[in-house]
Amino acid sequence: MKFTIQREQLMESVQHVMKAISSRTTIPILTGMKLEATAEGVKLTGSDSDISIESFIPAEEDGIVYVEGIEPGSIVLQAKYFPDIVRKLPQSTVDIESDNRLNITIQSGSAEFHLNGQDAEEYPQLPQVHTDNSFELPIDLLKSLVRQTVFAVSSSETRPILTGVKVQLDEGELSFTATDSHRLASRKLKLENGNDQTSFSSVVIPGKSLTELNKILADTEDNIEISVTDNQVLFRTKHLFFLSRLLEGNYPETSRLIPEQSKTVVTMGAKELLNSVDRASLLARENRNNVVRLVTKEGREIEITGNSPEVGNVVEEVEADSVDGEDLKISFSAKYMMDALKAVDHDQVKVEFTGAMRPFLIRPIDDDQILQLILPVRTY
Amino acid sequence: MSKRYPTNGQIIFHVDMNSFYASVEMAFDPSLKGKPLAIAGNPEERRGIVVTSSYEARKYGVKTTMPVGEAIRLCPNLTVMRPNFQRYKQASREMFKILADVTPVIQPVSIDEGYMDVTLCADQGSPPEIAEAIQRRITEELDLPCSIGIAPNKFLAKMASDMKKPMGITILRKRDLATTLWPLPIEEMYGVGEKTAVKLRNLKIETIGDLAEADTWQLKHVLGINGERLQNRAKGIDSRPVDPDAVNEFKSIGTSTTLPYDTTQENEVRQVLRRLARKVSDRMDAKRVLAHNVQLTIRYHDRRTVTRSMQLQDYIGTADELFSISFSLFEEHWNQQPIRLLGITAQDLAEKKEITQQLDIFSYEKHAEKEKLYEAMNNLTDKYGKHMFPDLSSTSKSTQVSTSFQKDFLNDYKK
Numbered sequence: 000m001k002f003t004i005q006r007e008q009l010m011e012s013v014q015h016v017m018k019a020i021s022s023r024t025t026i027p028i029l030t031g032m033k034l035e036a037t038a039e040g041v042k043l044t045g046s047d048s049d050i051s052i053e054s055f056i057p058a059e060e061d062g063i064v065y066v067e068g069i070e071p072g073s074i075v076l077q078a079k080y081f082p083d084i085v086r087k088l089p090q091s092t093v094d095i096e097s098d099n100r101l102n103i104t105i106q107s108g109s110a111e112f113h114l115n116g117q118d119a120e121e122y123p124q125l126p127q128v129h130t131d132n133s134f135e136l137p138i139d140l141l142k143s144l145v146r147q148t149v150f151a152v153s154s155s156e157t158r159p160i161l162t163g164v165k166v167q168l169d170e171g172e173l174s175f176t177a178t179d180s181h182r183l184a185s186r187k188l189k190l191e192n193g194n195d196q197t198s199f200s201s202v203v204i205p206g207k208s209l210t211e212l213n214k215i216l217a218d219t220e221d222n223i224e225i226s227v228t229d230n231q232v233l234f235r236t237k238h239l240f241f242l243s244r245l246l247e248g249n250y251p252e253t254s255r256l257i258p259e260q261s262k263t264v265v266t267m268g269a270k271e272l273l274n275s276v277d278r279a280s281l282l283a284r285e286n287r288n289n290v291v292r293l294v295t296k297e298g299r300e301i302e303i304t305g306n307s308p309e310v311g312n313v314v315e316e317v318e319a320d321s322v323d324g325e326d327l328k329i330s331f332s333a334k335y336m337m338d339a340l341k342a343v344d345h346d347q348v349k350v351e352f353t354g355a356m357r358p359f360l361i362r363p364i365d366d367d368q369i370l371q372l373i374l375p376v377r378t379y
Numbered sequence: 000m001s002k003r004y005p006t007n008g009q010i011i012f013h014v015d016m017n018s019f020y021a022s023v024e025m026a027f028d029p030s031l032k033g034k035p036l037a038i039a040g041n042p043e044e045r046r047g048i049v050v051t052s053s054y055e056a057r058k059y060g061v062k063t064t065m066p067v068g069e070a071i072r073l074c075p076n077l078t079v080m081r082p083n084f085q086r087y088k089q090a091s092r093e094m095f096k097i098l099a100d101v102t103p104v105i106q107p108v109s110i111d112e113g114y115m116d117v118t119l120c121a122d123q124g125s126p127p128e129i130a131e132a133i134q135r136r137i138t139e140e141l142d143l144p145c146s147i148g149i150a151p152n153k154f155l156a157k158m159a160s161d162m163k164k165p166m167g168i169t170i171l172r173k174r175d176l177a178t179t180l181w182p183l184p185i186e187e188m189y190g191v192g193e194k195t196a197v198k199l200r201n202l203k204i205e206t207i208g209d210l211a212e213a214d215t216w217q218l219k220h221v222l223g224i225n226g227e228r229l230q231n232r233a234k235g236i237d238s239r240p241v242d243p244d245a246v247n248e249f250k251s252i253g254t255s256t257t258l259p260y261d262t263t264q265e266n267e268v269r270q271v272l273r274r275l276a277r278k279v280s281d282r283m284d285a286k287r288v289l290a291h292n293v294q295l296t297i298r299y300h301d302r303r304t305v306t307r308s309m310q311l312q313d314y315i316g317t318a319d320e321l322f323s324i325s326f327s328l329f330e331e332h333w334n335q336q337p338i339r340l341l342g343i344t345a346q347d348l349a350e351k352k353e354i355t356q357q358l359d360i361f362s363y364e365k366h367a368e369k370e371k372l373y374e375a376m377n378n379l380t381d382k383y384g385k386h387m388f389p390d391l392s393s394t395s396k397s398t399q400v401s402t403s404f405q406k407d408f409l410n411d412y413k414k
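For the protein sequence lines, the chains are A and B, in the order given.
Take the first sequence: its position 148, counting from 1, is numbered 147 in numbering that gives the first Met the number 0, and each next residue is one higher.
Take the second sequence: its position 104, counting from 1, is numbered 103 in numbering that gives the first Met the number 0, and each next residue is one higher.
No lab work stands behind these hints: they were computed from the structure.
Careful: at least some of the hints might be erroneous.
[As the list claims (entries may be wrong)] In silico DSSO-like cross-links for lysine-lysine, where the CA-CA straight-line distance does not exceed 27 Å:
id, chain 1, residue 1, chain 2, residue 2
1, B, K88, B, K163
2, A, K334, B, K351
3, A, K42, A, K237
4, A, K328, B, K369
5, B, K369, A, K262
6, A, K42, A, K1
7, A, K18, A, K142
8, A, K328, A, K341
9, A, K262, A, K328
10, A, K187, A, K349
11, A, K334, B, K365
12, A, K207, A, K187
13, A, K349, A, K296
14, A, K214, A, K18
15, A, K142, A, K189
16, A, K328, B, K351
17, B, K369, A, K296
18, B, K163, B, K96
19, A, K341, A, K18
20, B, K365, A, K262
21, A, K328, B, K365
22, A, K349, A, K189
23, B, K164, B, K32
24, A, K142, A, K237
[To be verified] Just the calculated beta-carbon pair ranges, DEER-fashion:
id, chain 1, residue 1, chain 2, residue 2, range
25, B, E350, A, S155, 24 to 32 Å
26, B, D313, A, E252, 19 to 27 Å
27, B, R287, A, V128, 55 to 63 Å
28, B, S362, A, Q124, 43 to 51 Å
29, B, D313, A, E325, 25 to 33 Å
30, B, A349, A, R278, 23 to 31 Å
31, B, S323, A, I160, 19 to 27 Å
The beta-carbon is built from N, C-alpha and C at its ideal position, and this holds for glycine as well.
Pulled out of the complex, with its shape left as it was, chain B reads as follows (with noise of 0.2 Å):
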């Protein structure tokens, strides 16, 4: 083992890829290297938002989740350009493959980071030899800025990385929390979000320094169990383990869109569900999973979101299924308020294979009627295997399947 390499504990590396899907679309058109770039849902629509934007448009101060209109005022050479998920897949698949050239542990976090488990690579140099290396293949090969943070755990790992950017290689070490991670105000913390920030600012936490010495009593009363937990963060403390597998444990899948304009119409309500639900069903169908529970998101034209969900009894897959319950929670809760944001999130998922149905006595006919069908796929497949039957509608369907926040290809970079 290399004498440089450090014998106790773990560590950890923090992978962020820098403003990705931009980095993704100069990597792809390097003109637009150098240049104002702006990726927005919508670009032609008034309220088309900035996903992300180049460093450059950075500096003139557009910004993640401002709209395009405010984002072209503040740099009126801003390129803004829609977004093509399927190259950042193809990208985000790359990279992972690169990481998992190092370490089979790693585990995805987004499309755009993930975490790696380094602590058993000695033979391939010293953490920052490995992290530059890493770094190096990702800008020669794929042509992308990624920032790195090397530290003793996860929580860590990430604040490093948020360090420098872009193109940064960051060590934390416990040692150095004091210098480096207390000083930072407290909204600065990786799970401290708005709400969190204000509480521990009425509590005179100002910085991660102030709260690693805070109270702890005090801190469960104000955020419960989490203000432990971010305490124990703060003090560099997190035992959470690097999971290859939390991908897989994806709780729901969902898709929302903003509409072109606010709109109280019934009939336009009832076709964007239509095809949010046959785009949920098909991601659905491509992970060969059911739901269990029907999420319905309405956002209206200020804003305010409500989220209402039906358990049902049968688990459902189909776009009609998905359809019918969601637009039955739309007619229970919509409030005649104009709309300009739906989503439906299939949610309580199981797998189809560990899935059984109990047939009901008024209904089991439509099941019934297609006995011999099954009957003769069971037969052939207890013969002949699993892959006698792939599922040719859901193998087609998954390559145009495609949005923003889905997780569920973050397996893809295994194969």
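So that you can see chain A by itself, here it is in the shape it has in the complex (with noise of 0.2 Å):
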């Protein structure tokens, strides 16, 4: 194998594909990435065998060469290394080749690496993906439905299926749904026409994985193509390949908990809410669950207050632009009012309260696609 490959290009692709990279794996040679080189370009694979990804770097598009001198063939390479040394690399191209004792020799410049390399054959055949559960949106929605969700899943292992996110595809509608049961992030969106004829139930996709592809995609309004099987899900662009392993189990219901009426509901701009519990969360950070305090007040008047014993506290007085409904005293965590706040990502929200000891809802004021639930915290 044999080729020279424009460095910029290649560290992109390595970054990505490194980030299915573990050094834990239970199967040595995936610490190694693979690389392929055919006519057509020059392939990177990765995996953990919980994600895999493969980058593809074209030999030439729209008219750019990116790789040339190719000598097909393929190679693994330790994973720890490779990302440094491309990046310390001297000039603006790379020639790499392997021998046929898996000799590795990265050359840039006069700059020459050797590096042990492992037999390709040897590294796992990537499973296959076939369904007929595809459809398409473009990349900026689809890195919004994640950033919107996926904060909102749960760190720890107790109820693994919680670690994920449920995705669900019902009559052209697309909905993204994360708990840690303390709080809950949903997400809808219509598909445009074209998707109308897919379904599936509701396949739920590890955190991690969505938070790893949010990473490596580009803020662009191409299109992505995402599969659905049973027991995977691939995320498809132009050059990226992008294989996760869903979550098996069931999903707790979560529609029946989201409370329909509201006895108290206050609007107002976000970033003032969203500043003012910021402000109260410095004092409250000392308290365990760094818990700041609702309480609406005459008209149109709520206080929010933080408070450590240790410390001191703070009371800030805000004006929202109205409140409606009985009078009410509630506590929560500061980080997951704010974390739903940014979440929602519009000026101006409504949060519907139904008492101080059930949960409560943040919307955008005019979209009913976005959904924010919070439990509070009760006091003692």
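Work from the hints to combine the two standalone chains into their complex.
This is the structure in structure tokens:
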């Protein structure tokens, strides 16, 4: 195998596939990265058996040559050293060559590295995904769906299914739901025409997979194709192939947990609320759960307080655009509230409370596709 | 300031009640005075062990932790009594009240001993005069003997109170160390347990003086940071202050029980754990704390002891919660061998008023059910203050709570 490649393109691809490579894997060869050169270009593969990523660098695209002098072949090299080597090479092009004794030479300018490789035949074949359950959507939309939900997955393995995001496609409506049981984030999206036929009941994608995917995908309006099977999901763009296993098990039914009626409704600027909670949390950090308290006052005033017995307290009255319904005193995690407000990503929000011990909802004022739910904190 | 009062450095007392439980029984029933007396866990059962004994019994060789049977063999006239913890606590409280009359800087260490910092008590006389006055009041008012150590720091005070028993007052000055402290065998040193003593003897350290002169690096190597600490103490250096609040920083509440006979019956274990859980829960209630960690202790027939604990997601405090966690720990870790002792300890405690509980989407409803009640209570509390809702259940129960080694009542002398 032999080729000369643009260092910048190689670096980007290396960084992408590194997201799937773990030094702690039960299959030793998966600590390596597979390089495969064909006349069309160079393909890099990394996998930890939960996530597999392939990144393709075309020999030529839009008249720009990325890879030249290709002698087809493949090799697995040690992923631990490769990214740093590529990053620190002196020239903008890199020559990579492997001989039949699995020795790899990486050369750029006058720098020359020799690495021991492994036989690519020993690298596991990535599973083929055969499914009719495919649909497409713009990458930037997928990224915002992920960003608005994935932060709410559970970080604890006590209920493994909650470490994933439930993804559902029903009559052209795609929905993402995540909950760690203390808060819930949900986002819906009506897909463009052409995707109406596809539907699948629901799959649970590991939160970690989606987080890594979001890091790799660039913010573009190009489409990404998503294919779902019983135990895997594949995300495919022009040059990227991102395969993740699905979580097994039943995702708890969450729709019935979302209150339909509310007793106190506050509407106000998301930023004002966020900043005020942020300030209150400065002095709430010392107490457990980082709890702040919200109390409705006269008229449209609401009071937000944070308090740590040893440090001090902070009180702030902010004016809402409207406060309707019963008076309310409620405590909640400042972090959850700030996460939710950031995810809602709208200027004006509506916060709907149903009581001090019951979940409350945060939604954009004019968009019912985004929903954030938070369970309050009980104080004794 | 009195001329006889030392002006530089601190003056610390360690007050140590002499064979406290036995002495309290003798004060309660003077006919027991002068007789060999032992207080034992369960006198009628073969495994009851001697918790404490009078000096008269000690002459026969009766020792703490000795099985009752053996003690009686050594001393056939021995009177064996069950402990009356309520009595001991009452006596302890009165004793600390007497100390509190001298200075508020008191650190109770256990039911029968405590430190006092009398550095600023020159107006009450010289340190030995103050010590004599304390000893006299405790004898006259409570009919109890005690020994008092007087020294420039806690460690030396503790060592001093041990030097003359019963009814001793011992002054240990730094300049006396070479003659009084250093000749003592290393085992006599407070803070040196069996294992440490063996390690030290391996280093040819036989006396406290040897320890003071030993190579610091070598000590650190063998005993870690504790090695250096022990050496400093041996040199007479101990900078720990007398901390009246130390009792408040209780880290755990626990209780254990030796079974009347070794068992492998899960049913019996279940019953015992239920009982222990209730006890711990009552004591937690009395202290208004919740726990974040529960530890189970199992001692097997061969005295091998294992402790296993579980870190929890939420704070818990009810007997049911404590029971179910300790029982699941039991099921997970019991090796099917006969069990002699079981214990439950609630750890990682926090005061209820500082605790907040993040509600859970799948279980919030059990809290939400009582929303109206909590709301009404909060409103009344806001209006009339915290005393609106004294916790009736816990105040009535706290009086029955009892174990030998709990420290949570040691604050009560302040009341």
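Outcome of the hint check:
1. Taken as a hint, the B/K88 and B/K163 pair is honoured in the structure, with Cα atoms around 25 Å apart against an allowance of 27 Å.
2. Proximity of A/K334 to B/K351 is assessed by CA-CA distance (about 22 Å); at most 27 Å being required, the pair is judged to hold.
3. With a C-alpha separation of about 12 Å, the suggested pair A/K42 and A/K237 falls inside the 27 Å cut-off, and the hint holds.
4. About 15 Å separates the Cα atoms of A/K328 and B/K369, which keeps this hinted pair within 27 Å; it holds.
5. Using a Cα cut-off of 27 Å, the hinted pair B/K369 and A/K262 holds, with the two alpha carbons roughly 17 Å apart.
6. Simply put, A/K42 and A/K1 have alpha-carbon atoms about 13 Å apart, close enough for the 27 Å limit, and the pair holds.
7. Proximity of A/K18 to A/K142 is assessed by CA-CA distance (about 17 Å); at most 27 Å being required, the pair is judged to hold.
8. Among the hinted pairs, A/K328 with A/K341 is consistent with the structure: their alpha-carbon atoms are about 23 Å apart, no more than 27 Å.
9. Restraint check: the Cα-Cα separation between A/K262 and A/K328 comes to about 12 Å, which is no more than 27 Å; the hinted pair holds.
10. With a C-alpha separation of about 17 Å, the suggested pair A/K187 and A/K349 falls inside the 27 Å cut-off, and the hint holds.
11. For the proposed pair A/K334 and B/K365, the alpha carbon gap of about 24 Å is at most 27 Å, so the pair holds.
12. Distance restraint check for A/K207 and A/K187: the Cα-Cα separation of roughly 20 Å lies within the 27 Å cut-off, and the hinted pair is therefore satisfied.
13. At roughly 17 Å between alpha-carbon atoms, A/K349 and A/K296 fall within 27 Å of each other, so this suggested pair holds.
14. Restraint check: the Cα-Cα separation between A/K214 and A/K18 comes to about 9 Å, which is no more than 27 Å; the hinted pair holds.
15. The hinted pair formed by A/K142 and A/K189 meets the criterion: a straight-line CA distance of about 15 Å does not exceed 27 Å.
16. Between A/K328 and B/K351 the CA atoms are separated by roughly 19 Å; this keeps the pair inside 27 Å, and the hint holds.
17. The suggested pairing of B/K369 with A/K296 holds, with an alpha-carbon distance near 24 Å, which does not exceed 27 Å.
18. Between B/K163 and B/K96 the CA atoms are separated by roughly 24 Å; this keeps the pair inside 27 Å, and the hint holds.
19. Only pairs whose Cα atoms come within 27 Å are accepted, and A/K341 paired with A/K18 is accepted, the gap being roughly 25 Å.
20. Annotation: proposed proximity of B/K365 to A/K262 holds, straight-line Cα distance about 19 Å (limit 27 Å).
21. Of the supplied pair hints, the one linking A/K328 and B/K365 holds, its CA atoms being roughly 19 Å apart against a limit of 27 Å.
22. Between A/K349 and A/K189 the alpha-carbon distance is near 22 Å, which keeps this suggested pair within the 27 Å criterion.
23. In summary, the hint linking B/K164 to B/K32 is supported, as the alpha carbons are separated by about 17 Å, within the 27 Å threshold.
24. Note on A/K142 and A/K237: the hinted pairing holds, with a Cα-Cα distance of about 16 Å set against a maximum of 27 Å.
25. At roughly 25 Å, the beta carbons of B/E350 and A/S155 sit within the given window of 24 to 32 Å.
26. For the pair B/D313 and A/E252, the beta carbons lie near 23 Å from each other, so the given range of 19 to 27 Å is met.
27. With their beta carbons about 58 Å apart, B/R287 and A/V128 fall inside the hinted range of 55 to 63 Å.
28. Remark: the range hint 43 to 51 Å for B/S362 to A/Q124 is upheld by a beta-carbon distance near 45 Å.
29. Separated by about 28 Å at the C-beta atoms, B/D313 and A/E325 satisfy the suggested range of 25 to 33 Å.
30. Distance hint check: the CB atoms of B/A349 and A/R278 are about 26 Å apart, consistent with the given range 23 to 31 Å.
31. Take B/S323 and A/I160: their Cβ atoms lie about 24 Å apart, and the range 19 to 27 Å holds.
Taken one by one, the earlier hints all hold for this structure without exception.
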